[in-house]
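Undergrad: Okay, here's what each chain looks like letter by letter:
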Amino acid sequence: MKPLARFEALALMPRNQPRGLGLRIRQALPRAVLVPSSNRIAQLAALNAMEGNYVVIMPPDILPKADFGQVEPDALLLQAGYRIGWLARNAVTGALGASPCPQVWQRCDLIAYYNESLPDQGLPPCATMPLCHNTWAFNYASRPAFLAGFDHALGLMAQDDNKTALTVAASYGGDQPYADWWHLGALNAMVGAYQAMLEYEREKVAMAAGRKMQDRLVDLSRRANAALGLDIVRISRQNAAFFRQDRFAIAGLGYYRDLADIYAPLGAAGAVSAENWREAARWAWGSAADDRASSAG
Amino acid sequence: MALVRDLPIVFMSIDEPWADEYWADLQAKAPWAKRVHGVIGLDACHKAALKAGGGEQVITVDADTLVRPSFFELDVPDEFIRPNCRVEWPSQNVINGQVYGNGSLKCWPGKMIREMRTHELSPKGQVSIDHAIGAHISAGKASPRVHVPEVHSDVNPALTPYHAFRCGFREGVRLSLGGGGGVHHRLDLRSLPDRQIRRLVACCSVGADCENGLWLMYGTRLGVFMTQASDWDFTAINSYPWFDSFWADLISQRFAKGGTTCRYTGFRWSPDALAEESAALGAHLATHFGLEVFDLSPAESRLFKQTGPEPMDWWMSDSFGYMYLKGHGIAADHARARRLFDVGVLNDVAASYNNLGRMAEQGLNGGVDTESALALYEQAVLRGDRFAPHHMANLLRKLSPDDQFEDMRADMLDWLAAERGYDPYSLVEKREAAE
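One line per chain: the protein sequences are A and B, in this order. Every letter in the first sequence is one number past the one before it in our numbering, and letter 38, counting from 1, is 38. Every letter in the second sequence is one number past the one before it in our numbering, and letter 358, counting from 1, is 358.
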């Protein structure tokens, strides 16, 4: 299959986008159409004006590396009706995640999604590749950082076995721009807030009235630890770089397992790919990768 | 197929005050285990272990390693029970969370142990600071080591200040020289692969939450510093008597008479003075060698380990594939090599792109396919592989012998390979001579 650089792409541009974002996207995806993320009509018009069967969609704040354009999506997955996603690295914590992340869609599916005319089975299933060529760079202002942290933590809290991910979200990356606002958003969600914008405005007003950010973060961390049984630590700014550099060199085991499960029923070629991904998981994560297989067997 | 529980297993100790406890633990799990104690020299110690084991294979356990019960349920495939092939299961370091060869469990063939000349027995003129020398365990990609990506043991090298310091120091020297199987001369630290730098930095930074963890970090930092900053003979780390006097004459004196006491030896030391000097050493490493290490607090160290887990050395699938490709230590099997390189590509291992390129160019496991080979070399070059630029240059010249543009491109690729450390035409040497 051809590399992503030769695909048409729809890049959703955030409000008050950082300078150079469009240029960076077009370096990797020269055929990208840049459309405001708030304008669904323009997005749909751009999709309708495209010609190819497939389209890459770049969510707001996703910044590709130049080599993303060299990636070739697997035709087997696309022909089987899957969307294909690639992990994005959180610009503050360094963690790899699938939400948000760039994806390749069948253009007709995406148009149906915009028109709210998807078939009964809903969104096409997504196969996430355990590889990362993008950064989720939300930390260019306090508002997007707070909202991203808030939504991310809410998403994690809806999942099982989330303690490590929540701890990372609220601990890592203190040396990055607007990291405190990301942490503040995440911690607010962890202690039970549910209206992100309202909490953001409240925090801003309190800060303007003299509340100290670090005191607030320490207080919220203590409350989140008590409420959720976490071990959130306020990492010093000097040491925050170490945690980003030395963790998350490779995707988590779950991504490998999910992908192998997706490939397994896709005929002979799919079975080979599934086995290769399981083997790749074994080299990355050791015998933990075999645990489920052996327990299932 | 050989079951681990059917193989001789030998516990090797020399001067560790906790060795009896760890030996008892091993005996409880593996009553057939044997022990060698007090044999001076790392090469001699392994030869003694083979003798004590009494078989043609021996599994060695270091004195600071606790074996998990899961290990005794394993089997070693017949294809690895060969005279030139060592099987290795990495160990998890409880102080810094790293998973790698330090304290690993190893299944040795008797022939290899008998014939190897490493550490104190290395031939005159050859440098050996680990088991990577000579025809039997050679440095680099041809190293006939089967790395099994499974953890079945935990190593705690910091049970006393002295042993923590000694282990840290040895690791600092070895890792700053490129790690096990690496080159044994001084290197610019910036030329080490990212993954090795990450491991070295973790060893220098994590562990303040553990008893004697500071000593391990201090030892590692000092090992790096002495290797890089002076012409000190780093092969001294093979000699435990040298370590004894280094410790007694210099290190222990420097931090003695503090408020912390070692529970095994009664040695008293000052954690504050040690932390202060360790931080100063860290600053020197950053200033002079561009190695940024971190002084993590106990809470930060704990967080680092809790928010793991640490992945395996996933790129080792490529080395394993190379063994199958070349028949190093095991029987050559191109299909198996191809599969392991395919797996390496899934994990984005640059060397696997290069090796698949070689297979495509040479028609191994399929017909010759130069177009695919070029595409694979290009991917390997993009990912920083050291050998791929050279192979790609050769292929370009072969495919387009009269094309000036491709020839120029090939020249640039040769320079790139030289800059990455692979310089078969001695380009760098010639340039330096010309200058």
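The set of hints was computed from the structure by calculation and includes no laboratory data. One or more of the hints may lead you astray.
The calculated label-pair distances, taken between Cβ atoms and stated as ranges, are [as the list claims (entries may be wrong)]:
#	chain 1	residue 1	chain 2	residue 2	range
1	B	Leu427	A	Gly122	16 to 22 Å
2	B	Pro123	A	Gln27	39 to 45 Å
3	B	Leu399	A	Gly122	48 to 54 Å
4	A	Ser236	B	Asp154	24 to 30 Å
5	A	Asp67	B	Ala331	50 to 56 Å
6	B	Gln362	A	Asp67	26 to 32 Å
7	A	Pro3	B	Gln126	45 to 51 Å
8	A	Arg15	B	Ala275	45 to 51 Å
9	A	Pro3	B	Arg190	30 to 36 Å
10	B	Leu427	A	Gly52	17 to 23 Å
11	A	Gln27	B	Arg190	23 to 29 Å
Interface residues of chain B toward chain A, partial, derived using beta-carbon atoms under 7 Å [claimed, not checked]:
#	residue
12	Val39
13	Gly41
14	Glu150
15	Phe294
16	Ala299
17	Thr307
18	Asp342
Every residue, glycine too, gets a C-beta built ideally from N, C-alpha and C.
Undergrad: Indicate, hint by hint, whether the structure satisfies it.
TA: Against the structure, the hints come out as follows:
no.	hint	verdict
1	B:Leu427 / A:Gly122: 16 to 22 Å	violated, 59 Å
2	B:Pro123 / A:Gln27: 39 to 45 Å	violated, 53 Å
3	B:Leu399 / A:Gly122: 48 to 54 Å	holds, 50 Å
4	A:Ser236 / B:Asp154: 24 to 30 Å	holds, 28 Å
5	A:Asp67 / B:Ala331: 50 to 56 Å	violated, 37 Å
6	B:Gln362 / A:Asp67: 26 to 32 Å	holds, 27 Å
7	A:Pro3 / B:Gln126: 45 to 51 Å	holds, 47 Å
8	A:Arg15 / B:Ala275: 45 to 51 Å	holds, 47 Å
9	A:Pro3 / B:Arg190: 30 to 36 Å	holds, 31 Å
10	B:Leu427 / A:Gly52: 17 to 23 Å	violated, 45 Å
11	A:Gln27 / B:Arg190: 23 to 29 Å	holds, 27 Å
12	Val39	violated, 32 Å
13	Gly41	violated, 32 Å
14	Glu150	holds, 4 Å
15	Phe294	holds, 4 Å
16	Ala299	holds, 5 Å
17	Thr307	holds, 5 Å
18	Asp342	holds, 6 Å
Going down the numbered hints, you'll see the structure goes against 1, 2, 5, 10, 12, 13, while the others check out.
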